[in-house]
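Chemist: Residues per chain, in single letters:
There are 2 protein chains.
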Amino acid sequence: MQSKSLFSFIFLLLFASITFSQQPQWTEVAPGVWKAVIGKPESYDLLKAAGTEPNKSALGKVGPASFPLNKPDIDATVTDGKTYLRFPLQKQEQIFGFGLNFQTVYQRGKILQLHVDHYGGKDNGRTHAPTPFYISSNGYGVFINSARYLTVYAGAGVRRDSKNPPVAKDRNTDKTWSARPYSDAVEILVPAGGVEVYVFGGPKAIDAIRRYNLFNGGGTLPPRWGLGFTQRVQRLYNADDVKNEAKAFEEKGYPLDFIGLEPGWQSKSYPCTFEWDKKRFPNPEQFVKDMMKVGIRINLWLNPYVSPEASIYNSIKPFTASHTVWVGAVPDFSMPEARKIFFGQLKKDQVDIGVSGYKIDEVDGYDHYLWPDVTTFPSGHGAEQMRQTYGLLVQRYSAEMYRALNTRTFGLVRASNGGGSSFPYVIYNDYYDHADFITALINSGFAGVLWTPEARASKTGEEWLRRFQTVVFSPMAMINAWASGTKPWSYPEVAEQVKQYSLLRMQMIPYWYSEFARYHFEGTPIFRAMNLEEGFSHEVKKEAVNQNLEQNPYAEAISKEIKDQYMAGENLLVAPLFTGQTSRKVVLPKGKWFDFYTGAYVGDGEIITVTPGLDKIPVYVKDGAIIPMMPPMLHAPAKGQVIDLEVRHYGQKPGSFKLYDDDGETFNYEKGEYSWRTITVERDAKGQWKGSISAPEKGKPNTVGQVSWNFMTK
Amino acid sequence: MQSKSLFSFIFLLLFASITFSQQPQWTEVAPGVWKAVIGKPESYDLLKAAGTEPNKSALGKVGPASFPLNKPDIDATVTDGKTYLRFPLQKQEQIFGFGLNFQTVYQRGKILQLHVDHYGGKDNGRTHAPTPFYISSNGYGVFINSARYLTVYAGAGVRRDSKNPPVAKDRNTDKTWSARPYSDAVEILVPAGGVEVYVFGGPKAIDAIRRYNLFNGGGTLPPRWGLGFTQRVQRLYNADDVKNEAKAFEEKGYPLDFIGLEPGWQSKSYPCTFEWDKKRFPNPEQFVKDMMKVGIRINLWLNPYVSPEASIYNSIKPFTASHTVWVGAVPDFSMPEARKIFFGQLKKDQVDIGVSGYKIDEVDGYDHYLWPDVTTFPSGHGAEQMRQTYGLLVQRYSAEMYRALNTRTFGLVRASNGGGSSFPYVIYNDYYDHADFITALINSGFAGVLWTPEARASKTGEEWLRRFQTVVFSPMAMINAWASGTKPWSYPEVAEQVKQYSLLRMQMIPYWYSEFARYHFEGTPIFRAMNLEEGFSHEVKKEAVNQNLEQNPYAEAISKEIKDQYMAGENLLVAPLFTGQTSRKVVLPKGKWFDFYTGAYVGDGEIITVTPGLDKIPVYVKDGAIIPMMPPMLHAPAKGQVIDLEVRHYGQKPGSFKLYDDDGETFNYEKGEYSWRTITVERDAKGQWKGSISAPEKGKPNTVGQVSWNFMTK
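So the protein sequences, as listed, match chains A and B. Just so we're aligned: the first sequence equals residues 1 to 714 in our numbering. Just so we're aligned: the second sequence equals residues 1 to 714 in our numbering.
Honestly, the hints are just simulated from the structure, not real lab data. In this text, all values refer to a predicted model and were calculated from it rather than measured experimentally. Please note that a few of the clues may not be correct.
The list makes no distinction among identical chains, and a pair is therefore deemed to hold if it is satisfied within one copy or across any two copies.
Said to hold, decoys possible - Using 35 Å as the maximum straight-line C-alpha spacing, the simulated DSBU-like pairs for lysine-lysine come out as follows:
| # | residue 1 | residue 2 |
| --- | --- | --- |
| 1 | Lys279 | Lys175 |
| 2 | Lys175 | Lys91 |
| 3 | Lys48 | Lys110 |
| 4 | Lys91 | Lys204 |
| 5 | Lys653 | Lys616 |
| 6 | Lys163 | Lys340 |
| 7 | Lys169 | Lys122 |
| 8 | Lys289 | Lys169 |
| 9 | Lys169 | Lys91 |
| 10 | Lys122 | Lys459 |
| 11 | Lys122 | Lys110 |
| 12 | Lys560 | Lys459 |
| 13 | Lys340 | Lys671 |
| 14 | Lys487 | Lys175 |
| 15 | Lys110 | Lys459 |
| 16 | Lys690 | Lys590 |
| 17 | Lys487 | Lys169 |
| 18 | Lys317 | Lys40 |
| 19 | Lys278 | Lys175 |
| 20 | Lys278 | Lys163 |
| 21 | Lys347 | Lys175 |
| 22 | Lys348 | Lys278 |
| 23 | Lys91 | Lys590 |
| 24 | Lys317 | Lys175 |
| 25 | Lys317 | Lys163 |
| 26 | Lys560 | Lys122 |
| 27 | Lys289 | Lys348 |
| 28 | Lys122 | Lys175 |
| 29 | Lys247 | Lys169 |
Generate coordinates for the entire structure from the input sequences, incorporating the hints supplied.
Modeler: Below is the structure:
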């Protein structure tokens, strides 16, 4: 090896001294999607780890797009063994994305190191899904397909030879001096000798996001039951405790579709055995069946670190990393041998007896628990590459178990990354700032991931209700009581309101399910920023900050932004209140908006102040919008179960809604076994509202029973 | 270039897939200093940037040392284009160092990314001097000679094949489960295909530090005036304002040796012209002379970013980086062409008219102001390498201007790194936590740098006095009033106490100067951790923290450590109080200790609680210690000025002290023009204390006048 490596070293040395700049060559690889290959990309990247296929036919339907940037303004330089990318920015351009950020929606001006990690309270690029994808208000997106830690200067660096240079100012005398001069570029450092880059066309920002999601196979379509309510029980619950919990939900009239078992279902945890604890769960198969009989599915927590006492330990050991996590072996999921052993155990022991899915914990970080960056993996992939893709790998291969059984799953995971749009997982974490949870929900729409602002416990009933109100307007309506044992009714003063919101969640399943279908078939994220909404003005206001030199020698104005209201599907605007608030401002995009609960007109392209009371989370509906709803059942409709519809119409315009239908549980929709029915509301000759629904397609799934009409705006 | 780079890429690819582990081969390159070359080190590194020469003869006097580690336990692996280093740790071993940390002295268990940066309030490796050097309580040091961002796992990772593995525990049931299992190694990631590593022998930890400093040329020896008092005036002061300031000091009886001018001395700043402002300083040469006549030297602030309006802009432009800082060009100081132009301007315009030194600002960070990591430099050095070494380069080449004139300088800089021990600069920053400033002072002794806990302004007189008391027991006694204009007497209620401490600083110059000489000739840091002191117990106490799973799912006990008291030279223990404290605990090492002010016995190897009152900072003296002092003059002794000595003796033991002497201003000491005289205090036949001082060496400098004796302990 010695002479061979010396030989390589000489060439590495030669190589390291070569700097070359190039204008990337762009090839349209799918409708409105362009790819450029810079230098020599690595053999392992995000898209290879995710392993999904573009949905080219759906991409073809997004509409025409031309290359959205001036090609000569894009630069790629390979030097010092790294790739430097540069994309232009225009004066009024805003950029979004760069993963699941928690504190800001606007990313222009940021410096981020995109690094899979638990969120540490600061938007610095370390987060559960640091998707290297940004979206411009000018209507395009850029994706860097690298499994490395990328350093992003999102309009922060200033080049000496900039075409739009800022002017040097004298700080001694010029009060307009700024610590952050104007920057005209996004610059990205890829610590590798090459990389693949993708540009997604518009013409609108939302189109670029749709193309990104469709390029990654489209968004996930959960089973219907996944949109019901889920409770994660306290960590050492046994089978009887779980049964009693389900019974209490039923008796008290709170909906429930699946229960999550936390570490105690396993014989040992942290590291894990992936085997049932015989004392707490003496007959797992019977237990899972019994629960299913009362309409409750079971989801199991795990982290993938293998206990030396696990039955699979000795067989998987050769396919694990040099370093451990909590003394558990770390499977190299990029190797088929490791996957076969690991998921073989899960399948045999849990999936085959009917367990509905998993919550895959601690595949994100943080550094003190996870494998260090000096870890080696038997596949030869670097520790950094594995850190960036481990969340993708566990999602991909656990989902494959279910796909093989033609059964959908819907679970939780703590890490994802670019390429993961189609995986049936929702991200959660250990952070617990309610306002930041909402900003994360907004940013999830830019990152190709789902995020739940889970409720765990609260200091007061007010906080509990406020958190609960937002969780029902999110991808996964969940209480995570693993530590606290909190129930929906644990705060008696708000127990009834919590129940009503749980039931509202259930009533809205037809709406949510259709919106998820659009996420899958059209790529449109369900929960997303106001900035993506037609008629929303994204004007950046600067706010002066402390000008005391002593305290802050480089004080800069701060951009004001809207990060506490969001769109939920095509028709709803959700504007949460947080503990302590009794009123708030809501920015309404242009067009008339109506109150979700009453149908009353609230405003048009203006900022309103609302005082909804503790019982209500403000939700507003577009003019002409239709919201299909079902009865407030305690469980989501079963496979093929026929359900009556209440169709609500809001506002003064006629409207239509495409209602999605399929069996709700299998992948048969991929073979065409689904239907879209058009619901229409128009005025008749007398000027009265009249609703209609298109006939079911012959031979396609149809679960719609009686349809009733509710014209909300009087 | 295309075919050549493709060719290189193929070899890079080949290389990247090669993993090889090796046991480093160690060569003793200086007494007690071993070097190993791992893989193919880069051509540019910290020691090359610093350019200093080992003081081998001084290293020879440290004493014998054998290789301090078990060689087979050290591993180096080159894989994925990176170098992974591993050094063993023993069970009770503690480690120190890894640069200028502000919040902890104990580094075991830390994960750090060593990265030159402004200190951001968290010990994560980003600091002004992230020296890649650690010291073990077992008596050795390890230095990684790399100008890259190094990721350090200082006893944090756990290998599957560890020889001292922790036991896997079941978190479900085992209350002793820990989120951070025991780790038996320091692991370091060097993002390059090779690196030079140095091991410094002991036998004690302090010996390893001494070897490190001597290997880097020995610590700096400031001019005597550098140990006097310095005031940095408000940023837009003109020549008359400065003269008036000096006059006020003189009239009020506050000592002053040099005044620092802040940005306003230049015609433009941020970016800078490096030219005097003609309005504020119409005749700089005369001004500097006039100030020198009243005993005041001038130090000038700058950051090295060149304004487009600077006279040197066009000539230096070809030797500057692709990116700017505040729209100023960034000189590539690794290129002689850039240095000649830049320092040529400083020499001609400032040094040659008598300016005594510089304060070199903003060579550290932070990311939003400094050049991004995608910057290219005309020398071909990477942006990362330049970031890690820019502080070293500005120190080295500015110091060379003074050396060429055979005149010592003593200034301020905001960044340094490994290899910089001998540079005549003190680090400062914009952070302002008093307690953390003291921890930084402690850690500076591990990092081969000097640090000043400068006083800027305070909310109360109490805070002002507390800060002032610590600044006089630091390498540079300074008020930095650039923003506030604060004077020593600005808080009338403590103005007298401040004056007394300023004068005490002056009285102690003979002690400080001798200690600095030891730093230079013997490598011993002056301001340093208690842990380096004989008889100090470094027992780690764990304190339980919040065990609420909901709030902190991975709660860990926290190590208690002593980080608020330090050694100042060989004889003094300083235990500052911070605002709001009226009493504090002081840990006294074994051996008797005496009060600095009264000579009274205070304790022996015990923890005492002291209530010194606001007027006093607790300072304790070793048994038998001698502190040489001079009269409370307003200026440090001039070159060759003869000064009377007051020799204080403390405690019950006889003692001796080696007093250093030279001309105080030039480098003639390097040609042997210096002397060490031994001061001795013993009991005479009657049991009375009796002091003596060895005769001055013939032909050597001697500035000692009358000697008086003060036996402090009655």
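Chemist: Hint by hint, say whether it matches the structure.
Modeler: Hint by hint, here is what the structure shows:
In this homomeric assembly, Lys279 and Lys175 come within 35 Å of each other (Cα to Cα) only across copies, at 19 Å, whereas the closest approach inside a single copy is 72 Å. In this homomeric assembly, Lys175 and Lys91 come within 35 Å of each other (Cα to Cα) only inside a single copy, at 22 Å, whereas the closest approach across copies is 58 Å. Taking the shortest Cα distances, Lys48 and Lys110 sit within 35 Å of each other both inside one copy (28 Å) and across copies (33 Å). In this homomeric assembly, Lys91 and Lys204 come within 35 Å of each other (Cα to Cα) only inside a single copy, at 18 Å, whereas the closest approach across copies is 60 Å.
For the homomeric pair Lys653 and Lys616, the shortest alpha-carbon distance inside one copy (26 Å) is at most 35 Å, but the shortest distance between copies (79 Å) is not. Taking the shortest Cα distances, Lys163 and Lys340 sit within 35 Å of each other only across copies (29 Å), while inside one copy they are farther apart (55 Å). Proximity of Lys169 to Lys122 under the C-alpha cut-off of 35 Å is found in both arrangements, the shortest distances being 31 Å within a copy and 32 Å between copies. Taking the shortest Cα distances, Lys289 and Lys169 sit within 35 Å of each other only across copies (31 Å), while inside one copy they are farther apart (73 Å).
For the identical chains of this complex, Lys169 and Lys91 are intra-copy neighbours only, at 19 Å inside a copy versus 57 Å across copies, given an alpha-carbon limit of 35 Å. Proximity of Lys122 and Lys459 under a CA criterion of 35 Å is satisfied in both settings, with 23 Å inside one chain copy and 29 Å between copies. For the homomeric pair Lys122 and Lys110, the shortest alpha-carbon distances inside one copy (12 Å) and between copies (20 Å) are both at most 35 Å. Within a single copy, Lys560 and Lys459 get their C-alpha atoms as close as 29 Å, and across copies as close as 31 Å, so both meet the 35 Å cut-off.
Proximity of Lys340 to Lys671 under the C-alpha cut-off of 35 Å is restricted to the intra-copy arrangement: shortest distance 28 Å within a copy versus 73 Å between copies. For the identical chains of this complex, Lys487 and Lys175 are inter-copy neighbours only, at 26 Å across copies versus 56 Å inside a copy, given an alpha-carbon limit of 35 Å. Within a single copy, Lys110 and Lys459 get their C-alpha atoms as close as 34 Å, and across copies as close as 33 Å, so both meet the 35 Å cut-off. For the identical chains of this complex, Lys690 and Lys590 are intra-copy neighbours only, at 26 Å inside a copy versus 93 Å across copies, given an alpha-carbon limit of 35 Å.
Taking identical chains as interchangeable, the C-alpha atoms of Lys487 and Lys169 lie at most 35 Å apart only when they sit on different chains, with a minimum of 30 Å there against 60 Å within one chain. Both within a single protomer and between protomers do Lys317 and Lys40 lie at most 35 Å apart by alpha-carbon distance, with minima of 33 Å and 32 Å respectively. Taking the shortest Cα distances, Lys278 and Lys175 sit within 35 Å of each other only across copies (20 Å), while inside one copy they are farther apart (72 Å). In this assembly of identical chains, the alpha carbons of Lys278 and Lys163 lie at most 35 Å apart only when taken from different copies (33 Å versus 69 Å within one copy).
Taking the shortest alpha-carbon separations for Lys347 and Lys175, only the inter-copy value of 31 Å comes in at or below 35 Å, while the best intra-copy value is 67 Å. Proximity of Lys348 and Lys278 under a CA criterion of 35 Å is satisfied intra-copy only: 16 Å inside one chain copy versus 84 Å between copies. In this assembly of identical chains, the alpha carbons of Lys91 and Lys590 lie at most 35 Å apart only when taken from the same copy (24 Å versus 67 Å across copies). When the C-alpha separation of Lys317 and Lys175 is checked against a cutoff of 35 Å, the pair qualifies only between copies, where the shortest distance is 27 Å, while the shortest distance within a copy is 64 Å.
For the identical chains of this complex, Lys317 and Lys163 are inter-copy neighbours only, at 17 Å across copies versus 56 Å inside a copy, given an alpha-carbon limit of 35 Å. When the C-alpha separation of Lys560 and Lys122 is checked against a cutoff of 35 Å, the pair qualifies both within a copy, at 17 Å, and between copies, at 27 Å. For a Cα distance limit of 35 Å, the shortest separation of Lys289 from Lys348 inside one copy, 16 Å, qualifies, whereas the shortest one across copies, 88 Å, does not. For the identical chains of this complex, Lys122 and Lys175 are neighbours both inside a copy (30 Å) and across copies (31 Å), given an alpha-carbon limit of 35 Å.
With identical chains, the CA atoms of Lys247 and Lys169 are at most 35 Å apart between copies only, with a shortest distance of 34 Å across copies and 70 Å within one.
Violated hints: none; the structure is consistent with every hint.
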